[in-house]
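Novice: Model the placement of chain D on the given structure of chain P, informed by the hints.
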Amino acid sequence: MRIVFKTDYMQDLRPWKDGYQLSLYLILIAVAIAAPFVVDAFFLGELTNVLIWALAGLGLMVLTGHTGQASLGHAAFLAMGCYANIILIEAGVPFVLAFPLAGIITGVVGMLIAIPALRLHGIYLAIATMAMSILVDDIIVLTEPWTGGVGGKYAPSINVFGLMIDRWGTPVEFYFLTLGVTILVTLGYINLLRAPLGRSFIAVRDSEVSAQAMGVDVARTKAISFGVSCAITGLAGALMGLFAGAFNNETFSVVISIQLLMMIVIGGLGSIHGAFLGAIVVGFLPQFLSIAKEWVGAVIGGSNVAIPGLEFGIFGLILIVFILFEPMGIYGRWLKIRTWFELFPFYRKDMFKRQKSYLKTERLR
Amino acid sequence: MSLLELENVTLKFGGLTAVDNLSFSVEEGEVFAIVGPNGAGKSTVFNLISRFYTPVNGSIRFDGHDLLAEKASSVASYGVARTFQNIELFEHATVLENLLVGRHRHRGSNFLTELFFTPSVRKQELQSRHFVEEIIDFLDLQAYREKRIAGLPYGVRKVVEVARALATDPKLLLLDEPASGLSVEETTDMRWWIDDIRRQMGITVLMVEHDMGLVSGVSDRVLAMADGARLALGTPSEVQSDPAVIEAYLGKAS
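Chains P and D are the protein sequences, given in the same order. What the first sequence shows, in the working numbering, is residues 1 to 365, in sequence order. What the second sequence shows, in the working numbering, is residues 1001 to 1254, in sequence order.
So here's chain D without its partners, still in its complex pose:
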């Protein structure tokens, strides 16, 4: 069984069909990329999986659970973490605090134990910190640990977002344009990190990305979308040479 399965998912905003009868599945342990021109519905697919939107029909199953039966805040508890295209960090908190919010789904304490900060809460907080520190080491964020997000450069914020998603200890990581706006070096770093996330941590990655160098470098399979529908699905080179994909990007040769 696949880790994530989307079946005949359709989403409409008024008269616009944003996602049109889309089906695909992501296997455990792979890096799966979604490409397509602007407005193809790639980020919308992410928002559907995160349950920010509810499709008009179709089903989304993750790890045997029907995600459509859950609310947005419960998706994380099954092990789905995500980043955002336009960076949605907690601006007025430090990097460390941002990552610790990622531990929220592992919270075993309640209001009263936290009010008195009982030894069990202390233990939980120390464990969270240990986990978060490993991610800080993994993504080389040591220098920024106590900096506020509001003063950080764009490239670092992008990495912090990945770190925060990893802090939830997910099974599936959704990366929405992880390399957009990054320099060549930063993109290369990101490429190695995505590779390591898959190989060392065993986390399945689903990403939306425009940088074809990154896509063909790390992904096992690629889904090309246009106008909310599936154009092609296969290995990066298969998709890149698919005539329908070339047409969607460049137009028809007359």
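If we strip away everything but chain P, and leave its shape as in the complex, we get:
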């Protein structure tokens, strides 16, 4: 069993607990950097895809996982980031400027939308954001001169300080671009979480009245959370557009919103790890399914039968299983397994069980 002895307040301020944990993260980054030289082009593409999903998941995690506001409309912000990025690039703005601008534009729009939307709570907010997601589809069609409407748009090669990056032409460079953005966003996220703003997000999530009594402006905090969330999602959308190569009004459908929400629930709400773990599941599942289908087809015959809706069926099944048996997601399960090993043989089954308190009615939030 490893015990971290704390002798200094800085130990709680640093993002890592001790040298051991820091070295684990450094190894993870080293593996991520070495990956393009080990795996083939197909897997590298998949890896890039997972990272982009993780980035989008981080965006939603700010809002849903840490501030407790459900959103079923984040595909709209993916679209906004994607279109803003491409339109700016086509207008002659260099990528290194257009990309962060796309994030900022999406963030500001998100914050403006949040001001009326945040009067709504729980399920009603989810419905309102879902409606927005559907609306954006129509708006893209209506603003055809800029967005290309149903015909869609093609992503150009981008120029990063003289280096041409293209998803198909230079997949390794594109992977490093995505990895760099993801790492930077994650670091910023960690910083916010250990500062007063991150704590006020959590305060608003767990009890709005007492957050208010502690001097946290609830409406403002929610709006900022919406803004941060949408900005990160916008960045993910911009990368997603470049990765897809071509996109139109139907690329960022409501299904993507639902998939995003599912992803962070499966990964584990309220943790940065959860966004990444969820992205691995959502990113790899379609490939895993098609491989599994081929394999099953080879065994029982009738090889490549198309089963409509199979993917979503399996997604739904996984979501139900998680909500029933592991509401804390993959990250929560990992914490339990780790504790089991750390405390062996003293782990108790009810260690992570929440104490039921019958004082407050279980409110639907």
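Because the hints were derived from the structure by calculation, they are not lab data. Hints are supplied without guarantee of correctness; some may be wrong.
[Stated by the list, open to error] For each label pair, taking beta carbons as the anchor points, the in silico distance ranges come out as:
| # | chain 1 | residue 1 | chain 2 | residue 2 | range |
| --- | --- | --- | --- | --- | --- |
| 1 | D | Thr1054 | P | Val31 | 54 to 64 angstroms |
| 2 | P | Val172 | D | Phe1052 | 48 to 58 angstroms |
| 3 | D | His1106 | P | Arg14 | 15 to 25 angstroms |
| 4 | D | Ser1237 | P | Gln11 | 49 to 59 angstroms |
Please read all numbers here as calculations on a predicted model, not as lab measurements. We put the beta carbon where it would ideally sit given N, CA and C, even for glycine.
Specialist: Chain D only, in chain P's frame:
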């Protein structure tokens, strides 16, 4: 001038008058208790001071400021902290994080400095931690520092709530039934703590409490309420022997 002054405050929920033309003032440095039967409007008075409710008329002044001109989240910035009757802690955060939220009103950083966690933010966080640690020492919460609220026993949560309110470094502390649901020992602890909060920290305490032993033990003055109106105001023994108070609790002798 009194620290907190309520003047002719009236609050109505539809046809029900929850607080009826209530006036009282709390002096700096005293422990002031509000007692009364259930539904007398005691907690409503707290919610009025916290600006969760807006009275139909009357004025609430704190330390020279008109609280009615402020929104709920600004009340804390003047130095008013409170606890809740039904414990409103941040369930999925640790005790330490809960207390650190209490430091929110002293936040000098902004979004950008926090995003890059600049040295000034680091310094502020270390200062917050130092302040919070003193309160942890004061209320003997060392053993629970890194525990999540969700797994803590009721008595500890009650203390954590007081600690979180103290972490805001308030001038006035509103305690809504600090001893409800506590064991005899815990109530005694709470009594000494309230005494220490007043004497060592110099914080004025306004509390709602049913436990008359605690009330008469720590408070300088007591306000008795019934049906939203003031019944009696005076020292604990004066109020306890007031015929109107006895009638409100026990009914009229026929």
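Novice: Decide, hint by hint, whether the structure agrees.
Specialist: Each hint tested on the structure:
no.: 1; hint: D:Thr1054 / P:Val31: 54 to 64 angstroms; in the structure: holds (58 angstroms)
no.: 2; hint: P:Val172 / D:Phe1052: 48 to 58 angstroms; in the structure: holds (57 angstroms)
no.: 3; hint: D:His1106 / P:Arg14: 15 to 25 angstroms; in the structure: holds (22 angstroms)
no.: 4; hint: D:Ser1237 / P:Gln11: 49 to 59 angstroms; in the structure: holds (52 angstroms)
The earlier numbered hints are all upheld by this structure, with none contradicted.
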